[in-house]
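From first to last, the protein sequence lines are chains A and B. Position 336, counted from 1, in the first sequence is what my numbering calls 336; the numbers after and before it change by one each time, with no gaps. Position 188, counted from 1, in the second sequence is what my numbering calls 188; the numbers after and before it change by one each time, with no gaps.
Incorrect hints may have been included.
Covered by chain A, according to a simulated footprint, are these stretches of chain B (three or more residues, beta-carbon under 8 Å) [what the hints assert, rightly or not]:
no.	region
1	66–80
2	83–89
3	98–105
4	243–252
5	286–298
6	301–310
Covered stretches of chain A, going by a simulated chain B footprint (3 or more residues, C-beta under 8 Å) [what the hints assert, rightly or not]:
no.	region
7	235–242
8	253–265
9	298–308
10	323–330
11	412–423
12	515–521
None of these hints come from the bench; they were simulated from the model. Cβ coordinates follow ideal geometry from the N, Cα and C atoms, glycine included.
Take a look at the letters that make up each chain.
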Amino acid sequence: MSSPVTVPEPSAPPRGAPAVLRLPEHIVEIVSDSGEGAQKCGQIFAAVSAKMGNGVWTVEIIPAEIQPPARVPEGASGNRIRIGSGPVTNWGDATDLVVAFNEQVLLARHRLGALAPTATILLENKWASHPDDDVRAAWATALEELRARDYRIVLVPMEEQCLTCVDDARKGKNMFALGMLAWIYDRDLSRIDEQIAHTFRKKSEEVYERNVALVRLGYSWAAGNLTFRVDVPATPSDRPMVVMNGNEAISLGALAAGFELCAMYPITPATSVSHQLAEVFYRVGGVVHQAEDEIAAIGVAVGASYAGKVALTVTSGPGLALKTEFIGLAVMTETPLVVVDVQRGGPSTGLPTKVEQSDLLAAIFGQPGDAPHVVLAPATIEECFQVMVTARRIAETFRTVVIVLSDANLATGVQPFPRPSLDERWQASPLELDPVPKGFKPYEWDPVTGLSRRLIPGQPGGMFTLTGLEHDANSKVAYGGGVHQHSSAMRSRKLATLETLLSPPPIRGADAGDLLVVGWGSTKGAIEEAVERARAAGLSVSSTHLNFLSPLQPGLQEMFRRFRGVMTVELNYSDEPDGVTITERNRRRGQLAWLLRAATLVDVDCWTRIPGEPLRPAAILDGIRRKLRADARGDA
Amino acid sequence: MSTFDCPLFHAVEEEDAREFALRDYEGSVARWCPGCGDHSILTSVEKMLVAEQLEPERTVFVSGIGCSSRFPHYLKTYGFHGLHGRALPVATGVRLHRPDLHVFVVMGDGDCCSIGAGHWIHAIRYNMRMVAMLLDNGIYGLTKNQTSPTTPQGWQSNTHPRGSLLPPLDPIAVSLGVTNASFVAQTAEWVPAHLLATLRAAYRHEGFAFVRILQRCPIWTPSLYQASVQRPDNTELLVHDDGVVVPELDRTYKYHREHDPRDLDAARQLAQPGERVRLGVFFRDPSRVRYDEQQRVTIPPLPERISRLNAELDKYAV
Chain A
1 MSSPVTVPEP SAPPRGAPAV LRLPEHIVEI VSDSGEGAQK CGQIFAAVSA KMGNGVWTVE
61 IIPAEIQPPA RVPEGASGNR IRIGSGPVTN WGDATDLVVA FNEQVLLARH RLGALAPTAT
121 ILLENKWASH PDDDVRAAWA TALEELRARD YRIVLVPMEE QCLTCVDDAR KGKNMFALGM
181 LAWIYDRDLS RIDEQIAHTF RKKSEEVYER NVALVRLGYS WAAGNLTFRV DVPATPSDRP
241 MVVMNGNEAI SLGALAAGFE LCAMYPITPA TSVSHQLAEV FYRVGGVVHQ AEDEIAAIGV
301 AVGASYAGKV ALTVTSGPGL ALKTEFIGLA VMTETPLVVV DVQRGGPSTG LPTKVEQSDL
361 LAAIFGQPGD APHVVLAPAT IEECFQVMVT ARRIAETFRT VVIVLSDANL ATGVQPFPRP
421 SLDERWQASP LELDPVPKGF KPYEWDPVTG LSRRLIPGQP GGMFTLTGLE HDANSKVAYG
481 GGVHQHSSAM RSRKLATLET LLSPPPIRGA DAGDLLVVGW GSTKGAIEEA VERARAAGLS
541 VSSTHLNFLS PLQPGLQEMF RRFRGVMTVE LNYSDEPDGV TITERNRRRG QLAWLLRAAT
601 LVDVDCWTRI PGEPLRPAAI LDGIRRKLRA DARGDA
Chain B
1 MSTFDCPLFH AVEEEDAREF ALRDYEGSVA RWCPGCGDHS ILTSVEKMLV AEQLEPERTV
61 FVSGIGCSSR FPHYLKTYGF HGLHGRALPV ATGVRLHRPD LHVFVVMGDG DCCSIGAGHW
121 IHAIRYNMRM VAMLLDNGIY GLTKNQTSPT TPQGWQSNTH PRGSLLPPLD PIAVSLGVTN
181 ASFVAQTAEW VPAHLLATLR AAYRHEGFAF VRILQRCPIW TPSLYQASVQ RPDNTELLVH
241 DDGVVVPELD RTYKYHREHD PRDLDAARQL AQPGERVRLG VFFRDPSRVR YDEQQRVTIP
301 PLPERISRLN AELDKYAV
């Protein structure tokens, strides 16, 4: 940047009054090559919309590489925002309006079926007259493919416009796009300025001013050239709200729960939890330890928990695999610990940036030996916050490991929710290093609950050696005389005790009927929307959603038996019932379905998909209809 | 992150009127084989605890898995007998969260130099205050006679019946090669006076003190160190006022070498295989950066913490 930035006023007169579409909701997305800032544009638009009182759900469109080649469909990067008049609980179905920085990334979205049949497209036009023949040819081919559909395509001279204001349009197009969206959706410019200031708080004042100028430019251009606007009326909440993504919510929840140490190793899509913690710990007290590997990360957390307040480790599937042995040790030694697994597609390195719910069974049963512990799954951004308080308290009270299963959709999805009112009681109590009464054992198991109070280094008279070998109540190594049987029973009993404290999950819809849809984790909003549409269409369908996966909430069997059919909807793999070679006998089912069949002896069916993106309500509705038809035919 | 002071842990440094004797540190009866060098090491460690008068309740021994890792069970301090190769991460967690505790780590050669080698390198670099003891008998004992990284080349074991194929890894040379190493010493269980003096120097070192203790296994490697055990002339003591000096050994061990532990280049030279086994402090530099100091934080009082957290939450307000 050489010349000072001038801020044009958004005053260019429109060509006659634009047509205003008043709608209860709209889905907008911004796609670009990686590095062109479409993500930031989308995030700011979403945050401002939420702050203006709209319901919002965002999903990041992320390529696997940091810098994939330019102008290739696989490189599409951006953000997809569903805004609504009321609360928005999922990403919805198809995109209504898309801003694309080149035709190749747009093609990627079109071919994925991401765009509504009559979607409006605002497309950068510079490629049409590009000096390179290949680029012009690619443009022509792409436009032909796109024009075969009923899209409304508006060509926008984004680069040409940006160059009137900045030297490098690549660094500015996203803010120009934000300006266009601000005009189309009538966003509050002063809120956009505030959000820009927050987003670029680590950059110079000049960057802020340039971005503000570019937003005004996009706004003016849209005002002078576009003939439509979209009005999604906001219904501002009368309660104070906050807006953030799931990883931010986990991190703030961890702080609200009083965690003081998070040990981690970088892994997508979990790492940003630690970024946030590292920044905030600096002000409120605490340590992020970036360990040398995943095993060391959980080892440090176990060591810290053993010596003091419950510690936290954050990972994703491949890291969870590496942490397996330490999870077993923490269970065996009854060392409290919270492990957050932000799930991605697997197995192995799998789909690092894509959402999936494939770690459920590994989280519950993944440890060799019998290792009973707790597994929880938040379903919304708000629950990502709350679950950390619950997880720490359970870990401490039950001297156990709590695994929290989030996923890539929650991790990056932005949603407003009522501002939590922080409570001092959520914080871990200070360490009590009182002398230990003579004869007090390291594992004073209550025979009914299996609970015991742990001893902490520093307590006079409590010296003992904690061991991963089987041990008796005195922590003495012992294998015979029924010790293994008894100690295993005590560790297991804690889960039974916890189960007695839980309530059955609520049912949405009627208490009985043709079909009950059961879900867990981030699919909640999409499932409930699909089920509501099904009921509106006269189908006898209800849904329920599980937050506790180990132990399971009570009352499931009774609930399931009130429905003719029960089906899980999950983001993990299952064989199609009518697939080649697949029979009722050899069919591999969705992970929650496995679990529920074993736990309830009910013939729980499943409808699962692994599209590498969140489930769409329309697709789930399809699955519901298919299941009801099959049940009616009697072939389930 | 900048260094914070931590009043919580400094305030408890009052005079302790108790006096601790050997029996205050003795745990269960050790169940190592008769003749195992670990017995001697346990005795020296107990003597060190007495000499330094460490409060048993504020002392933590963390170990991995293997014969030597049974160590904490035989002491009456706090102990953590964890996973094979993973003693150092656990000790790191204890140290980070509880800077008021005295942390000791006991590992075998398989534990430290093989399955846990990654942690070993990084623990040296973190340079957090703790004593890490490598009880090196050159073999996997508990699993019955498999080659370890420190088994001599050509040595026959159950996994290499025709002899170990590779030259052994030298734990001293490796440690000296790691950036930010601050204390590297070698001693032997059959020279208990040297062992005790080395452990005391290690405990007093303000950083990560790595001590390799040569240790005989009477079952699988009875002859491994025999040349040194039987003939003191096969041993050379590294002596210096800043290292370890044990005058009572002078009559038995006539080979001495004056070595300034601040001289890293000389230390690396001395770590190369030589005619004699060298015992002493190879390197010591108390001025190295300490991760536990840098990561030390003050947790504000609860109302203050809540009000700062509220300020964080407000940044996300709609």
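Checklist line | Hints not upheld, ascending by number | finding: 4, 12
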